[in-house]
Amino acid sequence: MKTLKSRKAKILLCTIAIVLIVSVLATTLLACKKTVVNETPDEVFFVGDLQKNLSAEEISAITAEGETVVSVNEMLQATGWKMDNAADVKNIVAGIYALAVTNYGNLTQTTYLLMTDASVSVKGSMIGDLNVGVKSTYSDWIGKNGKFSQTISGVSKLDGIGSVGNQLKNNFGYNIQSFTNDEIYAFRRGDNGGANFLGKNDADVYKYIMGAKQDFPTRYNNKGTNKTNSFFIQEQSNDEETEEPSEPLPERENAWSPLNRIQSGELEVAGTTYYTGVYGAGFANYDFSRAEYLADDTSITYDAENDIYRLNIVVKEEYVDKACDFAKGALVRDTKAYIELKDAYYTECTNVIEVYGSGLIKSIQKIETLVSDQECKIMSPFGSCKEGGSTSNRAIAAFSYSDEDTDALRLAALYFPELGDSSYYTKAGVSTDYVLDLSNYPSFGEYTPAVNEALVSKFENILKD
Numbered sequence: 001m002k003t004l005k006s007r008k009a010k011i012l013l014c015t016i017a018i019v020l021i022v023s024v025l026a027t028t029l030l031a032c033k034k035t036v037v038n039e040t041p042d043e044v045f046f047v048g049d050l051q052k053n054l055s056a057e058e059i060s061a062i063t064a065e066g067e068t069v070v071s072v073n074e075m076l077q078a079t080g081w082k083m084d085n086a087a088d089v090k091n092i093v094a095g096i097y098a099l100a101v102t103n104y105g106n107l108t109q110t111t112y113l114l115m116t117d118a119s120v121s122v123k124g125s126m127i128g129d130l131n132v133g134v135k136s137t138y139s140d141w142i143g144k145n146g147k148f149s150q151t152i153s154g155v156s157k158l159d160g161i162g163s164v165g166n167q168l169k170n171n172f173g174y175n176i177q178s179f180t181n182d183e184i185y186a187f188r189r190g191d192n193g194g195a196n197f198l199g200k201n202d203a204d205v206y207k208y209i210m211g212a213k214q215d216f217p218t219r220y221n222n223k224g225t226n227k228t229n230s231f232f233i234q235e236q237s238n239d240e241e242t243e244e245p246s247e248p249l250p251e252r253e254n255a256w257s258p259l260n261r262i263q264s265g266e267l268e269v270a271g272t273t274y275y276t277g278v279y280g281a282g283f284a285n286y287d288f289s290r291a292e293y294l295a296d297d298t299s300i301t302y303d304a305e306n307d308i309y310r311l312n313i314v315v316k317e318e319y320v321d322k323a324c325d326f327a328k329g330a331l332v333r334d335t336k337a338y339i340e341l342k343d344a345y346y347t348e349c350t351n352v353i354e355v356y357g358s359g360l361i362k363s364i365q366k367i368e369t370l371v372s373d374q375e376c377k378i379m380s381p382f383g384s385c386k387e388g389g390s391t392s393n394r395a396i397a398a399f400s401y402s403d404e405d406t407d408a409l410r411l412a413a414l415y416f417p418e419l420g421d422s423s424y425y426t427k428a429g430v431s432t433d434y435v436l437d438l439s440n441y442p443s444f445g446e447y448t449p450a451v452n453e454a455l456v457s458k459f460e461n462i463l464k465d
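Residue numbers for the sequence shown follow this note's numbering, so the first one is 1 and each next one is one higher.
Don't read these hints as lab results, they were simulated from the structure.
Check the hints yourself; a few may be wrong.
Said to hold, decoys possible - Straight-line distance between alpha carbons at most 27 Å, and here's what the computed DSSO-like set of lysine-lysine pairs gives:
(1) Lys52 - Lys82
(2) Lys82 - Lys147
(3) Lys316 - Lys52
(4) Lys123 - Lys342
(5) Lys147 - Lys427
(6) Lys377 - Lys322
(7) Lys386 - Lys336
(8) Lys458 - Lys82
(9) Lys322 - Lys52
(10) Lys123 - Lys144
(11) Lys52 - Lys207
(12) Lys207 - Lys464
(13) Lys200 - Lys377
(14) Lys322 - Lys342
(15) Lys207 - Lys316
(16) Lys52 - Lys144
The structure presented is a predicted model; accordingly, all values stated were derived computationally and were not measured.
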């Protein structure tokens with residue numbers, strides 16, 4: 001009987017783990033591959049022109065018609081705020097944040113890269129405490145030649161179920177690529193499992209976006225098949241109408257004025273209502289543009305040599321739910337398939353943001369943790385975790401605006417070269433007139449990435465323990 005019980009326990013643990021991770025990642029187990037999750041070097045956030053400032057002439061050339069990009073100095077001169085006046089610090093920090101978000105929305109070409117290390121922990125489940133870690137990269141490259149996007153995600157840890165966790169985590173992941181221009185939309189999804197995050201000593205670490213490597217299908221599949229890995233090309237539809245806001249947004253007096261709250265949705269989780277949205281740009285789901293929200297230990301430093309303002313943002317406890325409501329909603333939404341946090345509250349919300357004097361945002365680093373002390377439902381055979389749970393996120397975002405970095409054709413040549421092959425368009429029933437001309441761009445084999453070591457040496461990574 002003892003042996004039988006042991007076997008049953010092992011079977012139960014394996015079943016629970018499989019259902020658990022599938023719930024988190026909403027993926028299907030396809031193959032067993034080895035996942036490599038090495039420490040990500042800071043250099044991956046400084047490849048090419050990432051985090052590099054632009055000249056006034058370069059900024060003017062990519063500013064949308066009828067819009068302006070306002071510098072930090074222009075704001076300081078107009079307001080009279082002084083960096084050396086303690087009474088002005090919170091106003092300056094809030095103003096620079098609003099200014100950077102506003103300027104970002106006024107540009108015609110942008111690159112936004114985000115790497116996250118997320119974890120979900122539960123206490124008091126039927127087999128004890130569990131911890132799941134997910135490492136992900138997301139990137140958007142938008143310019144005059146279209147948009148390229150890539151997401152790669154993999155399980156970095158599965159603690160609480162013994163050695164079987166290390167084996168199971170290799171089977172899961174989530175990865176997609178897409179390319180969009182005025183004529184076509186192309187998409188492909190790779191196999192689950194085996195997402196690799198390369199380290200500093202790995203070959204080609206800087207060739208891959210943020211050091212994240214994954215195989216994508218090269219065989220065309222019709223859209224709508226039940227295959228988990230798919231690849232399709234379709235013509236763009238030009239008859240879609242642009243959706244206008246139900247109510248016009250309030251006019252803002254200046255680029256540094258408080259940002260508008262743009263709510264995009266709400267969700268009900270465990271009887272708690274959470275909200276999602278942005279404050280003027282896709283990356284801006286925090287409202288740090290109101291000085292009254294900021295605590296006295298909010299600070300700012302200025303690197304005159306590199307013309308970089310570094311904002312260390314701390315929110316007053318009584319304003320956390322106002323300043324971070326969209327960020328809270330996004331984190332609860334992204335993890336609700338695993339744990340339904342009831343009445344979640346912040347125990348940590350750290351944000352360090354770098355902005356150039358030109359008014360362009362350079363980088364964002366954040367550490368956030370949401371906790372629930374109440375019994376939380378888990379989407380697994382456990383039923384619930386009696387002692388509550390938490391979800392946390394550590395992330396770095398890097399920005400670029402140069403012609404080369406925002407050229408979607410360059411990215412397609414490196415990571416989606418099939419879009420330059422007419423045979424795929426023929427299989428898709430799409431005119432070969434739309435085949436991308438990638439002949440003027442280096443292939444992945446020819447690509448020799450350059451790292452801006454000078455900027456790397458100035459970067460202070462708050463996420464490293």
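Evaluated hints:
Between Lys52 and Lys82 the alpha-carbon distance is near 26 Å, which keeps this suggested pair within the 27 Å criterion. Proposed proximity of Lys82 and Lys147 is contradicted: the alpha carbons are some 40 Å apart, above 27 Å. For a cut-off of 27 Å, the pair hint linking Lys316 to Lys52 is broken: about 32 Å separates their Cα positions. With a C-alpha separation of about 14 Å, the suggested pair Lys123 and Lys342 falls inside the 27 Å cut-off, and the hint holds.
A C-alpha spacing of about 23 Å is found between Lys147 and Lys427, which places the hinted pair at or below 27 Å, so the restraint holds. For the suggested pair Lys377 and Lys322, the alpha carbons sit about 26 Å apart, so the restraint of at most 27 Å is met. Of the supplied pair hints, the one linking Lys386 and Lys336 holds, its CA atoms being roughly 16 Å apart against a limit of 27 Å. Proposed proximity of Lys458 and Lys82 is supported: the alpha carbons are some 24 Å apart, at most 27 Å.
Of the supplied pair hints, the one linking Lys322 and Lys52 is violated, its CA atoms being roughly 32 Å apart against a limit of 27 Å. At roughly 50 Å between alpha-carbon atoms, Lys123 and Lys144 are farther apart than 27 Å, so this suggested pair is violated. In summary, the hint linking Lys52 to Lys207 is supported, as the alpha carbons are separated by about 18 Å, within the 27 Å threshold. With a C-alpha separation of about 23 Å, the suggested pairing of Lys207 with Lys464 holds against the 27 Å cut-off.
A threshold of 27 Å between alpha carbons decides the hint, and for Lys200 with Lys377 the separation of about 40 Å lies outside it, so the pair is violated. A distance of roughly 18 Å separates the Cα atoms of Lys322 and Lys342; the hinted pair therefore holds under the 27 Å criterion. Simply put, Lys207 and Lys316 have alpha-carbon atoms about 41 Å apart, too far for the 27 Å limit, and the pair is violated. Straight-line distance between C-alpha atoms of Lys52 and Lys144 comes to about 19 Å, which keeps the hinted pair within the 27 Å bound.
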